[in-house]
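S.K.: Single-letter residue listing:
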Amino acid sequence: MANQPPRAESLALLAKLEAALKRRGIVSDEEIELKRASADRANPMTGARMVARAWIDPEWRALLLRDGTAAAEAMGISMRGNPPLGVLEDTAGVHHLVVCTLCSCYPRAIIGYPPHWYKSAAYRSRAVREPRAVLAEFGTVLPAGMQVRVVDSTADFRWMVLPQRPAGTEGWTEDQLTALVTRDDMVGVTLPRVGRRESRAA
Amino acid sequence: METPNLAPFPAQHDLGGNPRFRCTPVEIEDDAPPDDFGKRVDALRAVLRDKGLITTDEQRFNIESLPEAEYFDLTYYEKWLRAVAAVMIAKGVVTWEELQ
Amino acid sequence: MSTGAGQVSAARFAAGQSVRVKDAKPERVARMHLRTPHYARGRIGRIVRALGTFPNPEDIAFNRPAEPRVLYHVLFDQPPVWGDGEAGDTLLIELFEHWLEEA
Numbered sequence: 001m002a003n004q005p006p007r008a009e010s011l012a013l014l015a016k017l018e019a020a021l022k023r024r025g026i027v028s029d030e031e032i033e034l035k036r037a038s039a040d041r042a043n044p045m046t047g048a049r050m051v052a053r054a055w056i057d058p059e060w061r062a063l064l065l066r067d068g069t070a071a072a073e074a075m076g077i078s079m080r081g082n083p084p085l086g087v088l089e090d091t092a093g094v095h096h097l098v099v100c101t102l103c104s105c106y107p108r109a110i111i112g113y114p115p116h117w118y119k120s121a122a123y124r125s126r127a128v129r130e131p132r133a134v135l136a137e138f139g140t141v142l143p144a145g146m147q148v149r150v151v152d153s154t155a156d157f158r159w160m161v162l163p164q165r166p167a168g169t170e171g172w173t174e175d176q177l178t179a180l181v182t183r184d185d186m187v188g189v190t191l192p193r194v195g196r197r198e199s200r201a202a
Numbered sequence: 203m204e205t206p207n208l209a210p211f212p213a214q215h216d217l218g219g220n221p222r223f224r225c226t227p228v229e230i231e232d233d234a235p236p237d238d239f240g241k242r243v244d245a246l247r248a249v250l251r252d253k254g255l256i257t258t259d260e261q262r263f264n265i266e267s268l269p270e271a272e273y274f275d276l277t278y279y280e281k282w283l284r285a286v287a288a289v290m291i292a293k294g295v296v297t298w299e300e301l302q
Numbered sequence: 303m304s305t306g307a308g309q310v311s312a313a314r315f316a317a318g319q320s321v322r323v324k325d326a327k328p329e330r331v332a333r334m335h336l337r338t339p340h341y342a343r344g345r346i347g348r349i350v351r352a353l354g355t356f357p358n359p360e361d362i363a364f365n366r367p368a369e370p371r372v373l374y375h376v377l378f379d380q381p382p383v384w385g386d387g388e389a390g391d392t393l394l395i396e397l398f399e400h401w402l403e404e405a
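Protein chains in written order, with this note's numbering: chain A, 1 to 202; chain B, 203 to 302; chain C, 303 to 405.
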């Protein structure tokens with residue numbers, strides 16, 4: 001299950017499938033390259049900016065929570081062909097943690113390719129059953145009295161977490177706040193915090 | 203007494219709470235982007251989806267249907283590739299001979 | 303019935319309503335593609351809101367005409383599901399209407 005290289009037979013199967021589809025005129029190298037470039041462009045900066053803006057602008061926050069897809073479009077992300085985006089708001093009493101126990105549903109349009117661990121059997125099986133133990137493995141300990149709401153992403157939506165704005169960010173600009181938010185914060189395995197070490201995957 | 207021809211429950215992909223992984227740590231450092239193979243599979247799948255030749259649920263079902271050893275041993279994008287190939291063959295888009 | 307996010311005019315259940323997830327295991331007898339996790343089956347939860355109406359994935363998976371189904375966010379208490387866990391912790395799951403009944 002580790003992130004190992006593909007087997008030789010898998011490389012061969014891909015080459016044969018691509019060749020057969022091209023021979024029949026069903027796909028072209030250009031189309032594949034366009035899709036790849038578009039997948040490569042998607043990254044957590046988009047989601048981070050959506051979060052930062054929500055911390056500053058109440059109207060944006062309301063839009064984000066009401067219609068994540070429209071909010072992403074407003075950020076210049078084409079959501080056509082993407083599943084609808086839902087945004088779940090952390091409060092002083094409830095923290096959200098997103099997992100997909102059945103496969104690997106993930107809001108790729110606004111945070112990019114899912115990391116390997118998100119798709120792993122360990123995360124998928126454990127996050128719903130012992131979320132606090134999984135959070136601890138990410139170094140995340142919730143404040144006393146905060147409940148965990150595990151979000152099993154089972155169907156048509158893709159979910160991102162809108163974390164609480166951390167203390168010590170009063171007066172920060174949108175850019176400063178954006179730089180604070182990581183991919184993992186938007187999955188809910190970590191919480192944004194001022195002064196934490198360089199994020200693992202900004 | 204179990205009826206022998208009933209499929210196992212929960213199904214292999216229905217992983218929530220599965221005790222088999224109770225003591226497996228989440229490999230939180232394992233978060234590199236997909237390799238070239240993974241990105242090629244991902245892009246090919248996206249093109250085929252846009253053309254209406256495969257849906258997310260067809261792909262998911264074919265991944266769920268992999269033999270158990272393959273479901274847990276193949277890499278993520280190897281499983282995707284197997285599922286995409288299976289759907290293309292089932293729909294007559296390509297033939298199995300072409301993929302031999 | 304029109305489909306998409308926010309299309310909920312045909313929703314049978316209202317926010318706050320108690321529902322039970324059907325305690326069925328159809329995948330034991332037929333090859334199926336189901337989006338209702340096993341651990342939620344038979345559990346009582348509360349409708350948070352109807353999310354939209356989407357073609358039934360149980361049909362899409364087999365490339366056959368898919369009926370529109372209302373999709374809900376349903377909230378469950380965690381501890382009863384696993385027999386352990388912290389009081390107050392919850393599970394929020396997307397579930398289709400045909401898997402839900404009044405509780």
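Note that these hints are calculated values from the structure, not bench results. Watch out, some of these pointers could steer you wrong.
Stated by the list, open to error - Straight-line Cα separation of at most 27 Å, DSS-like style, residue types lysine-lysine; simulated pairs: (1) B:Lys293 <-> A:Lys16; (2) B:Lys241 <-> B:Lys253; (3) B:Lys241 <-> A:Lys119; (4) A:Lys16 <-> B:Lys253; (5) B:Lys241 <-> A:Lys22.
Stated by the list, open to error - Computed spacing ranges between beta-carbons, pair by pair: (6) B:Ala271 <-> A:Ala19: 21 to 29 Å; (7) A:Arg23 <-> B:Ala292: 13 to 21 Å; (8) C:Lys324 <-> A:Thr169: 28 to 36 Å; (9) A:Glu30 <-> C:Gly344: 47 to 55 Å; (10) C:Arg322 <-> B:Ala209: 42 to 50 Å.
Built from N, CA and C at the ideal position, the CB exists for glycine as well.
S.K.: Each hint: holds or not?
M.R.: Checked hints:
1. B:Lys293 <-> A:Lys16: holds, 17 Å
2. B:Lys241 <-> B:Lys253: holds, 19 Å
3. B:Lys241 <-> A:Lys119: OK: lysine 241 of chain B and lysine 119 of chain A at ~16 Å, within 27 Å.
4. A:Lys16 <-> B:Lys253: holds, 19 Å
5. B:Lys241 <-> A:Lys22: holds, 18 Å
6. B:Ala271 <-> A:Ala19: 21 to 29 Å: holds, 28 Å
7. A:Arg23 <-> B:Ala292: 13 to 21 Å: Between arginine 23 of chain A and alanine 292 of chain B, where Cβ atoms are some 19 Å apart, the hint holds.
8. C:Lys324 <-> A:Thr169: 28 to 36 Å: violated, 46 Å
9. A:Glu30 <-> C:Gly344: 47 to 55 Å: holds, 51 Å
10. C:Arg322 <-> B:Ala209: 42 to 50 Å: violated, 24 Å
The structure fails hints 8 and 10 (numbered hints given earlier, in ascending order).
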